[in-house]
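Peer 1: The whole structure should be built from the sequences, with the hints applied where relevant.
For the record, the sequence lines run as chains A, B and C.
This note's numbering applies: residue 1 is where the first sequence begins, and numbers increase by one.
This note's numbering applies: residue 1 is where the second sequence begins, and numbers increase by one.
This note's numbering applies: residue 1 is where the third sequence begins, and numbers increase by one.
One should not assume that every hint holds.
Result set (PhoX-like, lysine-lysine): computed pairs, CA atoms no more than 25 Å apart in a straight line [as the list claims (entries may be wrong)]:
#1 C:233 <-> C:378
#2 C:233 <-> C:376
#3 B:54 <-> C:250
#4 A:298 <-> C:168
#5 C:242 <-> A:103
#6 C:168 <-> C:156
#7 B:172 <-> A:197
#8 A:359 <-> A:103
#9 C:376 <-> C:156
#10 C:250 <-> C:233
#11 C:19 <-> C:290
#12 C:290 <-> B:86
#13 A:359 <-> C:168
#14 A:31 <-> A:196
#15 B:25 <-> B:145
#16 A:31 <-> A:195
#17 C:232 <-> C:242
#18 C:378 <-> C:13
#19 C:378 <-> C:242
#20 C:250 <-> A:298
#21 A:103 <-> C:250
#22 B:167 <-> A:191
#23 C:168 <-> A:360
#24 A:444 <-> B:46
#25 C:242 <-> B:54
#26 B:20 <-> A:444
#27 C:242 <-> B:46
#28 C:13 <-> C:250
#29 B:172 <-> A:196
#30 C:13 <-> C:156
#31 A:31 <-> A:298
Hints listed in this document are in silico derivations from the structure and should not be mistaken for laboratory results.
Listed below are the residues making up each chain.
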Amino acid sequence: MQVSQVREPLINGEKSYENITADVMAPVRAKPGKLWFFGFGISALVMLGGFAAIAYTIWFGIGTWGVNRTIGWGWGITNFVWWVGIGHAGTFISAILLLFRQKWRTSINRAAEAMTIFAVMCAGLFPLIHMGRLPLGFFILPYPNTRELWVNFNSPLLWDVFAITAYLLVSLLFWYMGLIPDLGTIRDRMKTLWKKKVYNFLSFGWKGSARHWHRHESMSLVLAGLAAPLVLSVHTIVSFDFATSVIPGWHTTIFPPYFVSGAVFSGFAMVLTLMIVTRRALNLQEYITVGHVESMNKVIIATGSIVGIAYITELFMAWYSGVEYERYAFINRAMGPYAWAYWIMMTCNVISPQLLWIKKLRRNLTFTFILSIFINIGMWFERFVIVVTSLHRDYLPSSWSMYKPTWVEVAIFMGTFGLFFTLFFLFIRVFPVIALAEVKSVAKSSARKFIRKSSKNQKPEKE
Amino acid sequence: MRTIIYGHFTDDSDLLGAVKILQEKGIHIADVRTPFPVHGLDAVLKLRRSHLPKVAFIAGVIGAVLMFSFQYWVFTEGWPLIFGGKPYSSILSFIPGTFEITVLFAAFAMGIAFLVRSNLGPGSIPDILDEEVTNDHFQIILSAKDNTLSETELAEALEATGALDVKQVNTKK
Amino acid sequence: MEKQNIPEPVPFKFGKILKTYLGIAAGIGLLVLLIAIFVQQLPSARIWANLWMNALMFLFLGLGALFFWTVNTLGESTWQINFQRVMESMGITIPFAAIFFVLAFPGLKDIFEWTHTGNLDRVLQEKTPYLNMPFWMVRFAVYFILWSFFAWYLRKISVKNDFEPHEKYLGRLRATSGWFIVFFAISSSTAAWDWLMSIDAHWFSTLCGWYIFSGMFVAAIAVIILITIAFKKFNILPNVNKEHLHDLGKYLFGFSIFWAYLWLSQYLLIWYSNIPEETVYYVERVNNYKTLFYMNLIVNFVVPFFALMTRGSKRQPLYLAIVSLVVLLGHYLDLYLAIMPGAVGREAASIGLLEIGLPFFYLAVFLTLFFISFEKAKPVPENHPYAIESSSYENI
Chain A
1 MQVSQVREPL
11 INGEKSYENI
21 TADVMAPVRA
31 KPGKLWFFGF
41 GISALVMLGG
51 FAAIAYTIWF
61 GIGTWGVNRT
71 IGWGWGITNF
81 VWWVGIGHAG
91 TFISAILLLF
101 RQKWRTSINR
111 AAEAMTIFAV
121 MCAGLFPLIH
131 MGRLPLGFFI
141 LPYPNTRELW
151 VNFNSPLLWD
161 VFAITAYLLV
171 SLLFWYMGLI
181 PDLGTIRDRM
191 KTLWKKKVYN
201 FLSFGWKGSA
211 RHWHRHESMS
221 LVLAGLAAPL
231 VLSVHTIVSF
241 DFATSVIPGW
251 HTTIFPPYFV
261 SGAVFSGFAM
271 VLTLMIVTRR
281 ALNLQEYITV
291 GHVESMNKVI
301 IATGSIVGIA
311 YITELFMAWY
321 SGVEYERYAF
331 INRAMGPYAW
341 AYWIMMTCNV
351 ISPQLLWIKK
361 LRRNLTFTFI
371 LSIFINIGMW
381 FERFVIVVTS
391 LHRDYLPSSW
401 SMYKPTWVEV
411 AIFMGTFGLF
421 FTLFFLFIRV
431 FPVIALAEVK
441 SVAKSSARKF
451 IRKSSKNQKP
461 EKE
Chain B
1 MRTIIYGHFT
11 DDSDLLGAVK
21 ILQEKGIHIA
31 DVRTPFPVHG
41 LDAVLKLRRS
51 HLPKVAFIAG
61 VIGAVLMFSF
71 QYWVFTEGWP
81 LIFGGKPYSS
91 ILSFIPGTFE
101 ITVLFAAFAM
111 GIAFLVRSNL
121 GPGSIPDILD
131 EEVTNDHFQI
141 ILSAKDNTLS
151 ETELAEALEA
161 TGALDVKQVN
171 TKK
Chain C
1 MEKQNIPEPV
11 PFKFGKILKT
21 YLGIAAGIGL
31 LVLLIAIFVQ
41 QLPSARIWAN
51 LWMNALMFLF
61 LGLGALFFWT
71 VNTLGESTWQ
81 INFQRVMESM
91 GITIPFAAIF
101 FVLAFPGLKD
111 IFEWTHTGNL
121 DRVLQEKTPY
131 LNMPFWMVRF
141 AVYFILWSFF
151 AWYLRKISVK
161 NDFEPHEKYL
171 GRLRATSGWF
181 IVFFAISSST
191 AAWDWLMSID
201 AHWFSTLCGW
211 YIFSGMFVAA
221 IAVIILITIA
231 FKKFNILPNV
241 NKEHLHDLGK
251 YLFGFSIFWA
261 YLWLSQYLLI
271 WYSNIPEETV
281 YYVERVNNYK
291 TLFYMNLIVN
301 FVVPFFALMT
311 RGSKRQPLYL
321 AIVSLVVLLG
331 HYLDLYLAIM
341 PGAVGREAAS
351 IGLLEIGLPF
361 FYLAVFLTLF
371 FISFEKAKPV
381 PENHPYAIES
391 SSYENI
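Peer 2: Quick look at the structure:
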């Protein structure tokens, strides 16, 4: 396909296919530096701390947490929804942007998909441990048993089990299928025999045959077509955990698409946080360009605005409905004991992303980095506000109570960051951070200066 | 024992041109290997459209039917309970689970079918002739067995298209 | 890429034959209306509700097309350039939709129960700060003034670039698209509340605005497809190829699924929580309009889902056109179900000659305005820096 000259190039510098392979493989081949060891070390330590807090919880019980009557869900579920939301960006980038033929996704999709998998793993911890008696966790699976009991398919909590499991597995599949050709590339560049064997094993014997590529492309398209509704359904089902109730502030029909937009919003913010650092650390600035950052910012402003409109809609409808409980829920959010959380949420989610209408800010990496962190803070508070404010004051004033997290809950949350970053540090060492084959396929039409080796006389020509 | 003749190109449009020339000469191409999927190559090689989407569809339908009927059975026969005043056959409730299992079945069936059909998998040992294929070489492979022309003629034809490093190799299979 | 011989474009003329057909259609519609009023003597609520429903559908087609065009412009996508003018001319019909709304104003007291300010119950009394005629009218005016301005201005800039091409026009289109989309995002919801949700004034749903939007969008895509295929057939847009149809088909497929997803979200959540204030809406429809209710889901979801799943289905013009027509009728049915139960009630509402015949009039007016506008400008934007991309891409 012809690309207009007016478009910004997707790859800067003067790159040939060989350059692309070498640049992206450099972190995999090179010995990890001090910075990597430092980062990995800290992450691993924090992760272990989190695991210790989890063990403490399982041993002593959920009483070590701050949840109690009437706030049965506190940090645990807030964190769950937050992590699942973050995971959505990866699938959005891989699947939905593929369906929309957005070539700029090729530099970021591999890392974003990896981020999805790690985020979903972190998210999955919370439903498991918040149940209390984790050794009996298999109860949530439908299996024939002597008590002739079955799980409650009527419950959104169970739909969640299926949704998160399906999402984790399908994301893994999609990510891995895309990795196969790139693992073949790494295998062929490795000189050490045992490394070659390992990567051959991992690459499933990929050899670049046209027939295989044809099937691979066909499969990727169908996987994208499957993953797109899947990503919508997962956060929809998560929103059903709240919306199927009768609690003011929770039961509202806009939750499904609003949660999905919020998820993509926070997910892209996390991708930006990671990529702005990674591109500098791994010298990939010419592949993850300012143009890429700007495109991601555009998605952020779109989804952030949708979230903002949803807030306004909920506020209006709370009044319009005439239901006094609904009205009070929103008054309480803005002016009650947790108002500080509400206003952090509003500032970070509604006001700050609107700054991205300004082109200069969209293309400014420092601003984007800081904003992305604010967005994720805001989205955490959004879930906190939804979960806690609706539970701490609902229909019966005599039941009103307050919630405060304990050190155990905080430690577990920190621990998930440790887990996430530990996995990410490992990922950048072992797998190519950028989808090699995909970037090469857009290089000729979209690079600033693509160096083409001439077939006739083997001297490099510039295009 | 068969003889393989192969050469490579450094650009995908050169590759496409070469494939067309060889096909005009009536030469059967055993395989083309590239670092990324080349646009237009499938059409030129006249590859039949992959059946993987059909696999996904069928598996998805199976998943949907299985999951829906399972939930229905659980709620009407296995352990019927009244939740929130809803009827036993609360079809709306079954939709989320059905959807998830449909996607799961479709995706994995297709993934496994892809690997099986392409003979890829953990432990597969590929017959790599040129390690640079996964980097930046676009390779054409001809097999003497499939063609009436002699090995030398095939090699000449390949070189005439502009291929680099045309080599002949005898393989065991 | 298949090297086809692309025929020379035939300049579009809004000629006598076309005008005759449209005149006949308009005549049929008017005749049916007269029959309904004088011969059948249908209850006035039903007649006004039909006028209201058709005015809304008329608006949705233009508004949805304008939204689609502006979103593509803001996102710097280029595949749509070869049929962009179809969307531009559809957008131009928006100000004329206002006329049809105004013509239905005498019926507002029949359609909306909150207009009976004399005897409002406690629930409706609470809503009067929003649901009162003066404020409602002001909102009505604001929506149409701004939507019309955007439709007109964007079209003006697009055409200007044909004659004095300049980079600044592309920037202006993008910026204006941005403003429109922000306004549209808010106004499409508030207009849905004003014109549809308040028909069942005791009911409420935060999703209502977005649900109506999704139906509007799919209906607009269906009409874009139908017009584009017709123009392609008559060589008015010979550079529209199967790739464009494939992409439009993907939108029809994908957003039909999105519509069904919102349909299910609203229904499942209200069904699940079983709160009487909310369930009245669905109880009425499932009990008294059962066939239509389920048919709505089948025509708008099941049909496009299975009919457009395969690659080939989206690349065959005739097949795609038929599916688009079916889906368009389906969204008309969706609008029917949103309006009639609340505005007319079980005894009076039914699908009769009026419901089937009246749309012909509105369709005729819509197409007349569309053709007049389309004739005025070049069929494809000229001197567009991204134009080559629209003619040279392929779907896998």
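Peer 1: Hints first: check each against the structure and report whether it holds.
Peer 2: Against the structure, the hints come out as follows:
no., hint, in the structure
1, C:233 <-> C:378, "holds (18 Å)"
2, C:233 <-> C:376, "holds (20 Å)"
3, B:54 <-> C:250, "holds (18 Å)"
4, A:298 <-> C:168, "holds (20 Å)"
5, C:242 <-> A:103, "holds (21 Å)"
6, C:168 <-> C:156, "holds (14 Å)"
7, B:172 <-> A:197, "holds (22 Å)"
8, A:359 <-> A:103, "holds (21 Å)"
9, C:376 <-> C:156, "holds (11 Å)"
10, C:250 <-> C:233, "holds (20 Å)"
11, C:19 <-> C:290, "violated (40 Å)"
12, C:290 <-> B:86, "holds (19 Å)"
13, A:359 <-> C:168, "holds (15 Å)"
14, A:31 <-> A:196, "holds (17 Å)"
15, B:25 <-> B:145, "holds (16 Å)"
16, A:31 <-> A:195, "holds (14 Å)"
17, C:232 <-> C:242, "holds (10 Å)"
18, C:378 <-> C:13, "holds (12 Å)"
19, C:378 <-> C:242, "holds (22 Å)"
20, C:250 <-> A:298, "holds (23 Å)"
21, A:103 <-> C:250, "holds (18 Å)"
22, B:167 <-> A:191, "holds (23 Å)"
23, C:168 <-> A:360, "holds (18 Å)"
24, A:444 <-> B:46, "holds (24 Å)"
25, C:242 <-> B:54, "holds (22 Å)"
26, B:20 <-> A:444, "holds (21 Å)"
27, C:242 <-> B:46, "holds (20 Å)"
28, C:13 <-> C:250, "violated (30 Å)"
29, B:172 <-> A:196, "holds (23 Å)"
30, C:13 <-> C:156, "holds (21 Å)"
31, A:31 <-> A:298, "violated (36 Å)"
Consistency with the previously given hints fails for numbers 11, 28, 31, ordered from lowest to highest.
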